[in-house]
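Since chain A is already given, all that's left is putting chain B on it; use the hints.
Residue numbers (the numbering used here), protein chains in the order written: chain A, 10 to 722; chain B, 10 to 722.
Hints were generated in silico from the structure; no laboratory data involved.
Don't take each hint at face value.
If chains are identical, the list can't say which one is meant, so a pair holds when it fits in one copy or spans any two.
Stated by the list, open to error - Here are the simulated lysine-lysine pairs, BS3-like style, with alpha carbons at most 27 Å apart:
#: 1; residue 1: Lys655; residue 2: Lys287
#: 2; residue 1: Lys42; residue 2: Lys32
#: 3; residue 1: Lys165; residue 2: Lys524
#: 4; residue 1: Lys115; residue 2: Lys87
#: 5; residue 1: Lys165; residue 2: Lys235
#: 6; residue 1: Lys272; residue 2: Lys287
#: 7; residue 1: Lys372; residue 2: Lys599
#: 8; residue 1: Lys524; residue 2: Lys18
#: 9; residue 1: Lys304; residue 2: Lys489
Only a predicted model underlies this, so the values are computations on that prediction, with no experimental measurement involved.
2 protein chains.
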Amino acid sequence: MTAQPSPHKDAVRKILDAVKADKRASLTAPEGKLVCDAYGIPVPGEGVASSAAEAAKLADGMGYPVVLKIVSPDILHKTEAGGVIVGVKDAAAAREGYDKILASAKKYKADAKIEGVQVQQMLSGGTEVIIGAITDGSFGKLVAFGLGGVLVEVLKDVTFRLAPATKQDALSMLDGIQAHEMLHGVRGGDPVNRDALADVIVKVSQLVSDFPEISELDLNPVFATKQGAIAADVRIVLDFNQKPRPQVRSNEEIVAAMNRIMKPDALAVIGASAETGKIGNSVMKNLINGGYKGKIYPIHPKADEIMGMKAYKSVKDVPGEIDVAVFAIPAQFVAAALTECGEKKIAGAVLIPSGFAETGNVKGQEELQEIGRKYNIRLMGPNIYGFYYTWKDLCATFCTAYDVKGSAALSSQSGGIGMAIIGFSRSAKMGVSAIVGLGNKSDIDEDDLLAFFEQDDNTKVIAQHCEDLKDGRAFAEAAKRVSKKKPVIVLKAGRTSAGAKAASSHTGALAGNDKIYEDVFAQSGVVRARSLRQMLDFARGVPILPTPKGENVVIITGAGGSGVLLSDAVVDNGLSLMSFPKDLDEAFKKFIPPFGASGNPVDITGGEPPKTYQNTVKLGLEDDRIHALILGYWHTIVTPPMVFAKLMVEVYEEMRAKGKNKPVVASLAGDIEVEEAADYLYQHGIPAYAYSTEIPVEVLAAKYKWARGAGLL
Amino acid sequence: MTAQPSPHKDAVRKILDAVKADKRASLTAPEGKLVCDAYGIPVPGEGVASSAAEAAKLADGMGYPVVLKIVSPDILHKTEAGGVIVGVKDAAAAREGYDKILASAKKYKADAKIEGVQVQQMLSGGTEVIIGAITDGSFGKLVAFGLGGVLVEVLKDVTFRLAPATKQDALSMLDGIQAHEMLHGVRGGDPVNRDALADVIVKVSQLVSDFPEISELDLNPVFATKQGAIAADVRIVLDFNQKPRPQVRSNEEIVAAMNRIMKPDALAVIGASAETGKIGNSVMKNLINGGYKGKIYPIHPKADEIMGMKAYKSVKDVPGEIDVAVFAIPAQFVAAALTECGEKKIAGAVLIPSGFAETGNVKGQEELQEIGRKYNIRLMGPNIYGFYYTWKDLCATFCTAYDVKGSAALSSQSGGIGMAIIGFSRSAKMGVSAIVGLGNKSDIDEDDLLAFFEQDDNTKVIAQHCEDLKDGRAFAEAAKRVSKKKPVIVLKAGRTSAGAKAASSHTGALAGNDKIYEDVFAQSGVVRARSLRQMLDFARGVPILPTPKGENVVIITGAGGSGVLLSDAVVDNGLSLMSFPKDLDEAFKKFIPPFGASGNPVDITGGEPPKTYQNTVKLGLEDDRIHALILGYWHTIVTPPMVFAKLMVEVYEEMRAKGKNKPVVASLAGDIEVEEAADYLYQHGIPAYAYSTEIPVEVLAAKYKWARGAGLL
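For reference, chain A alone in the conformation it holds in the complex (with noise of 0.2 Å):
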């Protein structure tokens, strides 16, 4: 709500409210023009002249050329009385053409009456576009551009930013089709004027906006030439039941609540239990093997004391403050103990549980958000495996413990897909800030989690698995926050409609279109993951890599084979092998055998002592023109996997010393030792990898796709 005079949406709420009171849920054509006009969308302009020096000022304020028309209720067929004159050029023409229409017109019928000569503006070529805008359940209000024409729809070549969009989003859009080139000019032809078009869509986006009840938009076609953009056509529908959004709470209340929830100085285990089998006993045996310093209140209705500590009937019993209360106990005792929760004020319930939503009890878990609502009371689940947050030696759940200290924070809206995490990083020697269980989500989401750890300090990536965004707004907007200083990823389940169709059965949720993620995440700076390993080896490895400093990457390798692939994985990831200089190229040719190829990648040709690894790569992070090296490893006798790895991680240490802080990925071929290699190499800084030309490749490609969204490139 805004105090300030607004002309402009002033004009609209009037149409849409006479359409409203008409019960009608589209506008008429002269409608939708007056919302553009209202909005500074360009339309054709058109006019009535009573005189030949009105028709040449009208034509004036529309451009050129313009088609003259007679108005007459007694003249029908225009052209036949010489009523119509097309391509009118310029100011003269204009004059000329009214005298013309009129005096054909008198010829042709004496009596005439006539009103004046119309001026209208004539759409002329140029190419073919669509501008408009959607209502998506989870993201809201969505501005959308693509070529028109069948074929693109056909290609379903189309890109969505969210409502509103700025001019720089506006124009990434153009960029955002696959058939961009076409906007640039092809076979001669001109380029639009992006400014233009930008334009337009910025205009569409702040009026959908402005007015959540126009529900969708088309500006279909909107004729891009080189002057301009006008938009031939416009149809705009509306909804007057548009639900609100949901309340947002501020940042600096989910922070307080989420700082309580995920590093507690106190927390209480409701269901708590000595009996082995039960939840409640792996919760506590999770609790108290992890090593958690803070006080632990067992709660159970008889039990006087469980595992040598002292147990409460109730958390009202328990004489200090408690920050969270986890839960293992059957869901239908659930909605109780949450609320003596409440009335003890502890800042969040970590509802393990299931039997709720996903199981069809839609009611039972709208009771607990209720609770949740009324005591202020956040809810993590329920449905879910609990959480581990590391740095306090906290194993919040019934599964394995995990313990080893990190910088990844994981969280997945499923139970086996935590499992996998689990595995995954003991497999692979994952250290993990958090990991987080977020199952049916009936309160804490996505987007609470980012707010926590954008301000933990030993989080530096943050990796989701999700199915649905209840909201996609809030998300988007904490995403482009924090992804502005630590690395968001994210595995979207079900893209694909059959994918979709298996979330939908899964959570309830409605799984939207997936290229409408895509450009989300991407205007959010989120970095999105294209498979489960791929998350798990982003999480990995995207926190120990530096930032680059620039997109000239450079390969060095001993083998040749794989530096065929690692080129083709760059290209594939978007990352742009850096041209040498004439100077570079005979630097590296100076360490390598004279049939070594030059250029890059740089072949240093199988068989080579460590020397020339030592070299090569030294030579790679001294020189600041290069900003980051992909190592391709070839286990030979003369340099084996471990005195490779010893002495790639010497010099990556000795230069890092000298502030020659670079991205470095390996990609490892030979036998098995190269597995310890490639374990050596990551935990010293190198994410490596064996038998893969592609993983590294990826894993710097995440880094420099958040560095990009985030503005550092």
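Relative to the frame of chain A, chain B by itself:
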């Protein structure tokens, strides 16, 4: 050379000869039209009529509508003279039009000399497509198809097939472009005549195959309508200096030699050595320790005995027959020793030494090729690690030994990739029949290996890494034949322009347009691997899977989250999630909790006991309407990983004994114990993968792609 009369060929030959005599490199439009006419490629019909009846007859012959035009040297402005009538729709109108034109012409200029009236077929809309042909350095003649228009150019939406193409090939091209939907008729438009379009493609492909000197051909545009397809414009470029295709050996000849080389009874090691660190020593050790049972003849200029074996100065001194000689001597001595091998009638030389084309010593390599041709001795390499053939306990290599017998035959052009194959195989316990290094490919290449593995009963799948194909056509022909029997998997490196550049500097090979490889591989039934890891995973997983009998894939999952990701992967990989008939849905539902999702994926829900997995998987294997299973396992205390794995193998083997043999793959989400379970499952015929929902589906999809290409589905 055919002795049959072929007037269409004679007609073209005459035209091309005339062009050659003229020293021209391209055809004029009328010449192009004549060539098209000869091959029945439809171009707009035209003819000159000298009577109304003749005009109607001509028009009847070419189909309506037609255009009529006066032909007179005295009438320059035909339209002004009333000498043109467009859109003539039937015979009566043609007759009438003829008379009208003559009358008008006489009226316009009474003394004009009238030669007649030209009747020309009118091309009317439809969809504009391009049909063409090019000559590729490796594949030879290729026919191309795409939509017309600038947008398609921008999107590079074009598809290729080897020429000559069959009708089936041609029809597949219509579905092989991204925008294929355009051909089906969109927005109420007519579909094109697929048969007519395919006919033109076949004819073009035949024409360029018959006349190799046609280096390029373009029919652009071709108007494709519901009725037919007509080429509006033809451009033909000639090159009379094309290199003839290299002489191709017969399959029998290749197989006979390759069998002696790959499964030798007697083998010489040229440069055998007792000195540790020497390549000739590593080779000897690998042969002896690998357990090779055939005869080994060490060759050394001075030694009498090496590693307990009698040594010879030359292969010529060896009393018995030798099948293959492994070279472990410096480059400069290779030629002389090779000549002796030739004189000894040895079938093949395994040329480990480097220092040939890859270091710029092209002459040295050509010398070896010359000797090879002279003595008909086949050359493997040079610049290779050698080869393994496990079923003969043969490690003819200086690398580490590998002896796990299995059914995957792998080859690599690069030594580094070869080492990655060894390492991965050992790590993933992959049984192999052979691993072969091809290096510089001076002679033996991928198609020779295909011919050998085709008839090698120990090999069930062939996986090849290559950077170029010296004779792409020979490869495609071999692959087309072999892939009918065994899956052929290819990792083509140098796909991207950056990758291609590295390939070029690495091997001196010219990398082709990747789309050509993509299409020719598909045409030849080759399953393309997109990454090194994927090639390895396919080689490992594909041969142990039985061939599916249909397209109905079912996911059975304990983790709903895995189900969603598996569904995504199913769609991404071109598989079809079976849509359940009611009775099957009911049958599954009987085994799962009431809140489990019905339909496919079958979500048995987390926390279920082993029995639920058992019942549902058994049903999946039993019902003949289901053709393949994807399992999503979730590690829980109730069903631990090895309990799951053993149970699955039990059910799988029980059903297989009953003739229910279907491909089953598994994705395991859980803690580190799932790795042991994955190994166990794989060893028992179920490719299973920890922490990945993508790899199992990709492996299953590779089996499907092969089966479809081989015509088994």
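Cross-check of the supplied hints:
Within a single copy, Lys655 and Lys287 get their C-alpha atoms only as close as 47 Å, which misses the 27 Å cut-off; across copies the closest is 26 Å, which meets it. Taking CA atoms no more than 27 Å apart as the test, Lys42 paired with Lys32 passes inside one copy only; the shortest distance there is 20 Å, against 64 Å between copies. In this homomeric assembly, Lys165 and Lys524 come within 27 Å of each other (Cα to Cα) both inside a single copy, at 10 Å, and across copies, at 21 Å. Taking the shortest Cα distances, Lys115 and Lys87 sit within 27 Å of each other inside one copy (12 Å), while across copies they are farther apart (37 Å).
Proximity of Lys165 and Lys235 under a CA criterion of 27 Å is satisfied in both settings, with 25 Å inside one chain copy and 25 Å between copies. Only within a single protomer do Lys272 and Lys287 lie at most 27 Å apart by alpha-carbon distance; the minimum there is 25 Å, versus 61 Å between protomers. Taking the shortest Cα distances, Lys372 and Lys599 sit within 27 Å of each other only across copies (26 Å), while inside one copy they are farther apart (74 Å). Within a single copy, Lys524 and Lys18 get their C-alpha atoms no closer than 31 Å, and across copies no closer than 52 Å, so neither meets the 27 Å cut-off.
Proximity of Lys304 and Lys489 under a CA criterion of 27 Å is satisfied in neither setting, with 36 Å inside one chain copy and 70 Å between copies.
Checked against the numbered hints given earlier, the structure breaks hints 8 and 9 and satisfies all the rest.
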